[in-house]
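Chemist: What follows is each chain in one-letter form.
There are 4 protein chains.
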Amino acid sequence: MGMVGGGRGAFIGSVHRMAATLDGEIELVCGAFSSDPERSRASGSDLYLPENRVYANFEEMIQREKELPEGERMDFVSIVTPNHMHFAPAKMALENGFHVVCDKPVTLNLPEALELKEVIARTGMLFCLTHNYTGYPMVKEAREIIKSGKLGEIRKVIVEYPQGWLAQLLEATGNKQADWRTDPARSGAAGCMGDIGTHAENMAEYITGLKITELCADLTTFVEGRRLEDDGNVLLRFENGAKGVLHASQIANGEENDFNIRIYGEFGGLQWWQMEPNTLIYKTNQDGARRIRTGVGNLSEAAKAHTRIPAGHPEAFLEAFANLYRNFAYTLKARMTGQEPNPLYTDFPGIEEGIRGLAFIDTCLASANSNEKWTKLVV
Amino acid sequence: MGMVGGGRGAFIGSVHRMAATLDGEIELVCGAFSSDPERSRASGSDLYLPENRVYANFEEMIQREKELPEGERMDFVSIVTPNHMHFAPAKMALENGFHVVCDKPVTLNLPEALELKEVIARTGMLFCLTHNYTGYPMVKEAREIIKSGKLGEIRKVIVEYPQGWLAQLLEATGNKQADWRTDPARSGAAGCMGDIGTHAENMAEYITGLKITELCADLTTFVEGRRLEDDGNVLLRFENGAKGVLHASQIANGEENDFNIRIYGEFGGLQWWQMEPNTLIYKTNQDGARRIRTGVGNLSEAAKAHTRIPAGHPEAFLEAFANLYRNFAYTLKARMTGQEPNPLYTDFPGIEEGIRGLAFIDTCLASANSNEKWTKLVV
Amino acid sequence: MGMVGGGRGAFIGSVHRMAATLDGEIELVCGAFSSDPERSRASGSDLYLPENRVYANFEEMIQREKELPEGERMDFVSIVTPNHMHFAPAKMALENGFHVVCDKPVTLNLPEALELKEVIARTGMLFCLTHNYTGYPMVKEAREIIKSGKLGEIRKVIVEYPQGWLAQLLEATGNKQADWRTDPARSGAAGCMGDIGTHAENMAEYITGLKITELCADLTTFVEGRRLEDDGNVLLRFENGAKGVLHASQIANGEENDFNIRIYGEFGGLQWWQMEPNTLIYKTNQDGARRIRTGVGNLSEAAKAHTRIPAGHPEAFLEAFANLYRNFAYTLKARMTGQEPNPLYTDFPGIEEGIRGLAFIDTCLASANSNEKWTKLVV
Amino acid sequence: MGMVGGGRGAFIGSVHRMAATLDGEIELVCGAFSSDPERSRASGSDLYLPENRVYANFEEMIQREKELPEGERMDFVSIVTPNHMHFAPAKMALENGFHVVCDKPVTLNLPEALELKEVIARTGMLFCLTHNYTGYPMVKEAREIIKSGKLGEIRKVIVEYPQGWLAQLLEATGNKQADWRTDPARSGAAGCMGDIGTHAENMAEYITGLKITELCADLTTFVEGRRLEDDGNVLLRFENGAKGVLHASQIANGEENDFNIRIYGEFGGLQWWQMEPNTLIYKTNQDGARRIRTGVGNLSEAAKAHTRIPAGHPEAFLEAFANLYRNFAYTLKARMTGQEPNPLYTDFPGIEEGIRGLAFIDTCLASANSNEKWTKLVV
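Protein chains in written order, with my numbering: chain A, 1 to 379; chain B, 1 to 379; chain C, 1 to 379; chain D, 1 to 379.
Rather than coming from a laboratory, the hints here were simulated on the basis of the structure.
Bear in mind that the values here come from a model prediction, so they are computed numbers and not experimental data.
Note that the Cβ used here is the ideal one computed from N, Cα and C, for glycine as well.
Take the hints with a grain of salt, since some may be wrong.
For lysine-lysine, the following DSSO-like pairs were computed, each having C-alpha atoms within a straight-line distance of at most 27 Å [unchecked claim]:
1. B:117 to B:66
2. C:176 to B:304
3. B:176 to C:150
4. C:376 to D:373
5. C:376 to D:376
6. C:150 to C:176
7. C:211 to D:376
8. D:304 to A:176
9. D:304 to A:304
10. D:150 to B:150
11. C:150 to A:150
12. B:333 to A:376
13. A:211 to B:373
14. B:66 to B:373
15. A:376 to B:376
Partial chain C-side listing against chain B, Cβ under 7 Å, derived [to be verified]:
16. 257
17. 340
18. 341
Looking from chain B toward chain D, a few residues come up when the C-beta cut is under 7 Å (computed) [said to hold, decoys possible]:
19. 122
20. 124
21. 169
22. 170
23. 286
24. 288
25. 289
26. 291
27. 301
28. 304
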């Protein structure tokens, strides 16, 4: 693996590195960790990389790695830069024969995402988008329960993503994370809805297997001086007639990363909460609530395949993130060894999820500026 | 107290009786418990009432009680019938010199409520509407915290009322509660939004002290054959610029009576959950979450005045309900003895809350039938 | 009902009154509320009792009430005084033809309890001991589950009763509750173990249906100047070979009234917590945890018979307490009308539970003073 | 790092590998993964190790690695075998110039542990014992709060470690984990108390900074045919006069890995639960409960130094385990580069904790077989 971005002080870069290497299937072999060559070099040194595999920029990395003999050069690129820097390295990597893992949202805007889809199709390379929250075993279990039909027809979905960290104008204090995430040039046309709203949208569609078809959004910038919206409330309608609510916030003062989802069908409901991720609650009018737990009892193959350690030894954010990398690695390995990939491990998000995410952002923005009640989400 | 409705098999009648008499301030002295005189008589007998104080209907009760000497006759009427039977007994009672406690929504529709307001003003009698959930000590505490300014400007309100009991067509099975609550003639123009949505609206306005000014509603009847909506998702806007989400459901399979509210201000957030009502969570980015608990530490006078027993001895639904009756009784006693009522005890909902509830219902219905994004809530 | 004790400022007196009258089956008709006649009179006036039914002391109350015509006089006495004042009024009431409800521990010491047992047997009157925590529906459900054999042989019981209110020398500050509860003359030979340890012992035996046969206790007085122990840790052994731990504390700073029990059998475990009393957790290795909830689904007859309102409308401390009074009232009514009592309602604690409680206290004290590991609990 | 044990199918081996490599500070370079050379080779191949660094046994590994040039050979050995195979490889590694990380309990019995202490002292090598649960940030925070004196004198400690996985005779079904853990020859003289009781003992002493001085244990083998005890209840006394309860179980049917601790001091209490490890509850009589959360607000340096990602992105078992390895690696690096180690990172358990663990086991066993109430824990 070669990494683009993720130098010293970047939060998500080290997350990707820990997630990628957790299972011993992936090794970090090179990187272009910063647009500042000095910083890139220092970061590479922190990571015990040889100097000649630390590059000044992604172009250099891709070119030089390509010149290395097969088996020595990186197999894929992991892109962990701010959103405006996803498209160019992804495209170049793919066109030069490197597979790609990319943070979300996939690109700065929808046109880039659509072009990237074309590049992926043309080159035939693997592409993984790190909608990491779908990597949790209990998310897999929820999806399997719904697939099995136990809940019957899905009627209602409530998906929430409240955070509080931007309740004040943090971007004015030199906070790097706040700075780029509230800057349209680097983050894209949306703030809150791009950064976390897309996770909520992706989760709702992933677990239910249903597509959102139209929505009604009320977006707000609560903090004075902020350039992007920091809060959004959205009514949802799904393809099967199900209704829903999605709300996300960066100004929900006191909330950490309180992502959660509830889904109600004819015969029961499910509830999952990211901050206590090893519990899935399954409720019915008849039997009350059951706590389905990672590693306990007779779970789906999908849940078991994404669990490493026995019940009661909690696995959490990094392990779920690692599940995406491991699945990507297994699928890549199958391809490299000419084998059929195990379908349990081909379950990782890709360009389609990225496109839906950007379409969701655009639809929210369009709705927020419209007097029409419903705006269709079309890709 | 004389009771209208609440005969054998009625859920809410016995709740009112237990709540009214809990503190030893109110005695049930008579009743017209059913439109069926035989059933009324049987109910009165169950309640150990003398036969001559059990009436065939509310008209008879009001007339006969009025003829009794002061001190012997009932002081007020408690109306616990289905919604279509609120207005007539309330009006007659008030006009014959009896104070009134009435279940919510206050009347079948807004015009009745407005007329009732006029009757109350004209007669000068006391009127209490049993939006019982505002009787919880931790709800009082939440309101006081917000009043104190600790949260700063309120930015976001999430209020939820999911129930699952009508996930199937229960009204077709002979269930009395389901029967009248899904019948427009007895319940009013709304089902779910009238029965529980109004509690959510009332709670949001009560705790924050802010009025909802416009909303956008998506109402659905999920269960085939049902005559009123059984689910609603609503975007809210408040007078101060705060935004919100209110959703209520009777088809959230597996949910009991999962009423809860979260409120976020500039400096922190509050969270309260009816099913574990003695905990109020107060969160800030700086200090994490504090569990404020009924009876523990330095609470507001309002919270303390609505608590009966020491911390850790949970008080719940009936005690909160009883707080409304007790406050009504104290206020009535002050009036009857010519004293100034203690402002701690004049805190019970009345006709204004009833009117806002019906206006909320009407606005939701109008919005649900409109292509306009926002519908104003005006009284 | 006539009450002994429970005058102004007494915590438990008002609890008993609310509990007794909640269901409309019992009426407070007289009382001797305080050893101070003036205070007794004032308390009676607060309670709207006629002056001639408020007595200067229990002897007067019992004598005078006995002289009243049947149907007018009280049917039973409720004794809510400190422990040293249980025996005399109970004995006198029973011997004068009044049934008795009495707070726990039943008497100041075991010899009194054994004598009271003899009085009860001789007079044939009804006697109810308010081990109120066994009145919760989910406690009934737990007992029924174990009776049904679903857990198999019981192996382990953990019962805890931590409180924090006596973490400082509160009795030196004029706190009445602290004062008598830490005074051997009024409380008995034990402090913490008498006040709350006996609830824990009673709960463990009630739910499991098993008797404690021997124990090993470590009792401590942590707060300097206190006259009775304020903390105790006890190893338990049960008649069937099950093992257990019971610990209770009044110095667990920060705890309210955190009574809870866990029971493990061959095939699963149960967990119940008084501060969220409507949930019973049922765990198995195979299926994870199920939340059994008051009012939800297919519960035992015993649980249903002790529930008043629908699921999700929490019932709590007073309602559980009221279940004892209501059962007592139903059983008394059956006797007074010559009917067979419904066995669902004869389930209330009596003198046997009181005797075991005092034996438990004595055994703990003996063990605490012994170098022997195990001390037998014999009655 | 070279590993001893942890071949295919071993649970704890892969845990150690993930934990060791998580932060990119440690690389697995060689191993003797199984006493079966074929199995060792296959395991090495799974781990992408070169064939010549996969050894048939630990003796070979230590000898051969020692012959490699510095900088190429392993720096330390990680021992993850069953308990009876800790001492020999640890001793040999230390005496041949390799530092050691070792799973707990440190050796099969106390004499081995005391000898190992002597070897460590003689060789001057680093030794880390993986009492992994002390690696959690909220455990560090608890320890710092107590150190700060905020709780005042510690009065009571409740530490619990219930598991349910051995509720049936699992060792008769071919389960490898159950097999060796219930075999005295491989596990040592205790079952449950050795495997998990020692974690509880270590945690209680680590957080409070207090030593257990005497105890009273009741140990039981509930499952017929089992060779070691599967349950234990223990009364504790600490050096400062604090009292405590420790109970551990492998037959608490339905429990996963429910390790938790509560500590009460004069001025407040703390509560931590391994299955939701990012929350530390801090309770006082005055202010109710505060949820201290990993990454939120103003935490101790110790807590912050053991946290990788922002609040609300849960870190769990592997991350806590990794904190031990990372601290060991930092301390080792400091030594190798001749620098003073950062005291934040020298916080990892060593031989002293190992010796106390074995002394605890021996004292429990002695107490269980004694009629004396108290048995002193002496090292």
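Chemist: All hints are to be evaluated individually against the structure, with a verdict given for each.
Modeler: So, going through the hints one by one against the coordinates:
| no. | hint | in the structure |
| --- | --- | --- |
| 1 | B:117 to B:66 | holds, 22 Å |
| 2 | C:176 to B:304 | holds, 19 Å |
| 3 | B:176 to C:150 | violated, 35 Å |
| 4 | C:376 to D:373 | holds, 14 Å |
| 5 | C:376 to D:376 | holds, 24 Å |
| 6 | C:150 to C:176 | violated, 45 Å |
| 7 | C:211 to D:376 | violated, 31 Å |
| 8 | D:304 to A:176 | holds, 19 Å |
| 9 | D:304 to A:304 | violated, 32 Å |
| 10 | D:150 to B:150 | holds, 26 Å |
| 11 | C:150 to A:150 | holds, 26 Å |
| 12 | B:333 to A:376 | violated, 59 Å |
| 13 | A:211 to B:373 | holds, 22 Å |
| 14 | B:66 to B:373 | violated, 52 Å |
| 15 | A:376 to B:376 | holds, 24 Å |
| 16 | 257 | holds, 3 Å |
| 17 | 340 | violated, 20 Å |
| 18 | 341 | violated, 18 Å |
| 19 | 122 | violated, 47 Å |
| 20 | 124 | violated, 43 Å |
| 21 | 169 | violated, 37 Å |
| 22 | 170 | violated, 33 Å |
| 23 | 286 | holds, 5 Å |
| 24 | 288 | holds, 4 Å |
| 25 | 289 | holds, 4 Å |
| 26 | 291 | holds, 4 Å |
| 27 | 301 | violated, 18 Å |
| 28 | 304 | violated, 14 Å |
The structure is inconsistent with the numbered hints 3, 6, 7, 9, 12, 14, 17, 18, 19, 20, 21, 22, 27, 28, although it conforms to all the rest.
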